[in-house]
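S.K.: As given, the protein sequences belong to chains A and B, one line each in that order.
For the first sequence, the numbering used here gives the first residue as 659, with consecutive numbering after it.
For the second sequence, the numbering used here gives the first residue as 480, with consecutive numbering after it.
No lab work stands behind these hints, which were simulated from the structure alone.
Honestly, I wouldn't trust all of these hints.
[To be verified] Interface residues of chain A toward chain B, partial, derived using beta-carbon atoms under 10 Å: (1) Asp660; (2) Arg671; (3) Arg694; (4) Gly698; (5) Lys699; (6) Ala701; (7) Lys764; (8) Ala781; (9) Cys783; (10) Ala786; (11) Val795.
[To be verified] Keeping only pairs whose Cα atoms sit at most 25 Å apart, straight-line, the calculated SDA-like set for lysine to any residue is: (12) A/Lys790 - B/Ala533; (13) A/Lys764 - A/Phe819; (14) A/Lys699 - B/Gln621; (15) B/Lys603 - B/Gln621; (16) A/Lys790 - B/His574.
For glycine and all other residues, C-beta sits at the position ideal for the given N, C-alpha and C.
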Amino acid sequence: MDVDWFPLWLSLRVAALSTLLAAGLGLWIAYLLANRAFPGKEALDAAVSLPLVLPPTVLGYYLLVLLGRTSPLGAVYEWLFGGPLVFTWQAAVAAAFLHSAPLLVKSSRAALESVDHSYERAARCLGAPEWKLFWRVTFPLARRPIFAAVALAFARSLGDFGVTIMIAGNIPGRTQTVAVAIYDAVEAGNGALARLLVLVVSAVAILILWLANRLTGRQARS
Amino acid sequence: MIEARIKKTFAASPGSAGFTLDIAFTAQAGVTVLFGPSGAGKTLTLDALAGFLAPDEGRILLDDQILFDGATRVNLPPQRRNCGYVFQNYALFPHMTLRQNLEFAAERRPPLERHRRVNEMLEKFALTGVASRRPGEVSGGQQQRCSIARALIGAPRMLLLDEPSRGLDAPLRAGFYQAVRQVREEFALPIVLVTHDLEECFELGGRMLVLREGRLAQQGSPREITVAPASAEVAQLLGGYSLLDAEILALDPGRNTSRLRLLEATLGAAEIAGPYLPGHFRGDRVQLCLRQDALRGQPRQGGLGVNQVAVQLIEWSERPRGSMARFNAGLAAEVSLANAEAWRHLKDWLIEIPAEAVRAL
Numbered sequence: 659m660d661v662d663w664f665p666l667w668l669s670l671r672v673a674a675l676s677t678l679l680a681a682g683l684g685l686w687i688a689y690l691l692a693n694r695a696f697p698g699k700e701a702l703d704a705a706v707s708l709p710l711v712l713p714p715t716v717l718g719y720y721l722l723v724l725l726g727r728t729s730p731l732g733a734v735y736e737w738l739f740g741g742p743l744v745f746t747w748q749a750a751v752a753a754a755f756l757h758s759a760p761l762l763v764k765s766s767r768a769a770l771e772s773v774d775h776s777y778e779r780a781a782r783c784l785g786a787p788e789w790k791l792f793w794r795v796t797f798p799l800a801r802r803p804i805f806a807a808v809a810l811a812f813a814r815s816l817g818d819f820g821v822t823i824m825i826a827g828n829i830p831g832r833t834q835t836v837a838v839a840i841y842d843a844v845e846a847g848n849g850a851l852a853r854l855l856v857l858v859v860s861a862v863a864i865l866i867l868w869l870a871n872r873l874t875g876r877q878a879r880s
Numbered sequence: 480m481i482e483a484r485i486k487k488t489f490a491a492s493p494g495s496a497g498f499t500l501d502i503a504f505t506a507q508a509g510v511t512v513l514f515g516p517s518g519a520g521k522t523l524t525l526d527a528l529a530g531f532l533a534p535d536e537g538r539i540l541l542d543d544q545i546l547f548d549g550a551t552r553v554n555l556p557p558q559r560r561n562c563g564y565v566f567q568n569y570a571l572f573p574h575m576t577l578r579q580n581l582e583f584a585a586e587r588r589p590p591l592e593r594h595r596r597v598n599e600m601l602e603k604f605a606l607t608g609v610a611s612r613r614p615g616e617v618s619g620g621q622q623q624r625c626s627i628a629r630a631l632i633g634a635p636r637m638l639l640l641d642e643p644s645r646g647l648d649a650p651l652r653a654g655f656y657q658a659v660r661q662v663r664e665e666f667a668l669p670i671v672l673v674t675h676d677l678e679e680c681f682e683l684g685g686r687m688l689v690l691r692e693g694r695l696a697q698q699g700s701p702r703e704i705t706v707a708p709a710s711a712e713v714a715q716l717l718g719g720y721s722l723l724d725a726e727i728l729a730l731d732p733g734r735n736t737s738r739l740r741l742l743e744a745t746l747g748a749a750e751i752a753g754p755y756l757p758g759h760f761r762g763d764r765v766q767l768c769l770r771q772d773a774l775r776g777q778p779r780q781g782g783l784g785v786n787q788v789a790v791q792l793i794e795w796s797e798r799p800r801g802s803m804a805r806f807n808a809g810l811a812a813e814v815s816l817a818n819a820e821a822w823r824h825l826k827d828w829l830i831e832i833p834a835e836a837v838r839a840l
């Protein structure tokens with residue numbers, strides 16, 4: 659059987675990039691939510707949680723409106739990179755990001771908040787500025803559950819279907835991610851390809867789950 | 480020197496009654512003990528000094544530096560308060576070795592001096608041999624000393640200790656007192672220590688502040704406070720006092736004497752002699768505060784002598800170095816081991832109240 663592995667590679671690439679973005683931005687938001695009191699904190703918390711409860715097609719629609727060629731954000735992107743964002747693989751990154759970042763923020767926030775506050779207080783009394791306190795005390799103490807959250811975010815990025823198909827479409831060889839490819843194969847009656855991709859994706863997901871459990875498990879033991 | 484005036488109100492909410500912390504005190508170089516029951520506001524006071532809690536109003540001065548001022552809205556963050564804080568759980572960073580814990584605290588110094596200072600502190604607190612271990616791998620006493628060393632390494636201008644001896648066994652506790660005394664001798668800085676252990680106040684305290692329900696109930700040396708509790712509440716907090724209502728029958732300032740009739744019904748209107756009670760008049764009703772360790776109890780045989788009252792034994796309990804007999808009217812007396820066996824089953828006792836043990840609140 660001649661198998662086109664492009665969707666799998668694309669998915670891995672999209673997931674890696676979106677996880678990187680989600681880890682950077684998500685950790686920052688998680689830090690803000692866990693440590694700071696600021697106006698609009700409740701709103702930010704709600705906004706972060708919203709993608710978890712909205713249907714993916716609704717999210718995809720919002721993204722289309724937000725990033726489409728007629729929107730200001732879409733225009734800025736087009737001006738910066740010389741082409742529209744929608745229906746490119748970069749749009750799939752945006753979709754995967756939206757799909758995985760909320761989970762990462764929620765888990766990281768819980769991880770940061772689980773660190774005993776007396777460590778942070780001690781560091782403050784010892785004169786440590788907030789950034790030093792975060793990178794030298796809070797983050798190292800919470801790093802295992804945070805790494806586990808990143809691994810799960812990667813797995814979730816890999817599996818996005820609804821948002822991706824709304825904003826990146828289903829262009830074989832360009833924007834067709836593995837989740838979309840499976841749907842496509844089933845629709846086309848190509849059962850063998852669908853089964854193969856399903857098995858591979860399942861294996862990757864199980865591997866990541868195992869990794870995440872190992873990370874959190876060791877934390878609990880030490 | 481710390482000069483603090485702190486007022487902070489926590490509004491009542493469903494599930495918690497409101498609380499107001501309203502105290503003013505000064506703490507000189509040496510140990511100042513904040514003593515009081517749980518919920519008296521001891522730790523809140525410490526948090527306000529360290530900068531974890533912003534008072535509603537008041538002013539906190541450390542030497543001539545303003546740490547907090549409600550009127551001009553000055554509130555320095557903990558980082559800029561020059562304050563060493565020893566937490567109840569020590570809060571040593573578990574992912575760093577003891578040496579790294581000290582280095583973390585000394586990072587604002589140049590590398591050479593930092594290295595020298597860390598070694599110096601490790602040596603001073605007998606930690607050199609375990610410096611490369613993590614807190615989880617050393618003994619409780621070593622953790623405790625490391626936590627004190629870490630708090631001191633940045634040359635703070637005050638040292639705060641939050642119930643540091645809670646839950647320690649006797650040898651560890653002795654080691655801790657030793658360490659604090661060492662700090663008191665070698666570092667001339669105010670040490671504020673929170674405790675609800677009276678013995679600790681005597682072990683360490685130059686001065687003792689008694690807190691109750693967010694207010695300062697009494698201050699003085701531990702001895703001054705135990706000899707003369709300022710109020711019934713303080714006496715109850717300290718424990719070991721009997722409180723009796725009495726009427727003043729006569730006062731003689733010249734001979735420093737008074738005659739008092741006990742009003743407690745079960746004592747049969749007994750009359751006792753006491754010292755002159757300044758500030759009171761004949762016919763006044765007063766509350767007497769009697770130190771139980773000054774009361775002498777024995778089984779009654781025949782009549783009552785001077786300053787003796789007849790009582791019934793209610794409860795008998797064992798103490799490390801003797802027994803404690805409790806009687807009606809809230810009276811109690813210690814019984815030596817020699818007499819305990821013979822006396823413990825007798826019901827009718829007499830209590831002798833020495834005149835010098837009588838104080839009016």
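S.K.: Taking the closest Cβ pair, is arginine 694 of chain A under 10 Å from chain B?
M.R.: Arginine 694 of chain A check fails; min Cβ-Cβ to chain B is 14 Å, beyond 10 Å.
S.K.: Compare the distance between the alpha carbons of lysine 790 of chain A and histidine 574 of chain B with 25 Å, and conclude whether the hinted pair is satisfied.
M.R.: Judged against 25 Å, a Cα distance of about 15 Å means the pair holds.
S.K.: Under the criterion that the straight-line Cα-Cα distance not exceed 25 Å, is the pair lysine 790 of chain A, alanine 533 of chain B satisfied?
M.R.: 23 Å, holds
S.K.: A closest beta-carbon separation below 10 Å is what the hint needs, so does cysteine 783 of chain A meet it against chain B?
M.R.: With a closest approach of 4 Å, the cysteine 783 of chain A hint holds.
S.K.: Could you grab the alpha-carbon distance between lysine 603 of chain B and glutamine 621 of chain B and see if it respects the 25 Å cut-off?
M.R.: The hint holds at about 12 Å.
S.K.: Can we keep the lysine 764 of chain A interface hint, with Cβ of chain B closer than 10 Å?
M.R.: 24 Å, violated
S.K.: Using 10 Å as the Cβ threshold, decide whether valine 795 of chain A counts as touching chain B.
M.R.: 6 Å, holds
S.K.: Mind checking the CB of lysine 699 of chain A against every CB in chain B and telling me if the closest is under 10 Å?
M.R.: Not OK, violated: lysine 699 of chain A not within 10 Å of chain B, min 19 Å.
S.K.: Under 10 Å, Cβ to Cβ, is where alanine 701 of chain A needs to be relative to chain B, so tell me if that hint holds or is violated.
M.R.: 24 Å, violated
S.K.: Let's test the interface hint: is any C-beta of chain B closer than 10 Å to that of arginine 671 of chain A?
M.R.: Interface hint status for arginine 671 of chain A: violated (34 Å vs cutoff 10 Å).
S.K.: The hint names glycine 698 of chain A as touching chain B; please verify it with the least Cβ-Cβ distance against 10 Å.
M.R.: Nearest chain B Cβ about 22 Å off; hint violated.
S.K.: Under the criterion that the straight-line Cα-Cα distance not exceed 25 Å, is the pair lysine 764 of chain A, phenylalanine 819 of chain A satisfied?
M.R.: Cα-Cα ~22 Å, so holds.
Of the numbered hints stated above, those contradicted by the structure are hints 1, 2, 3, 4, 5, 6, 7 and 14, listed in ascending order.
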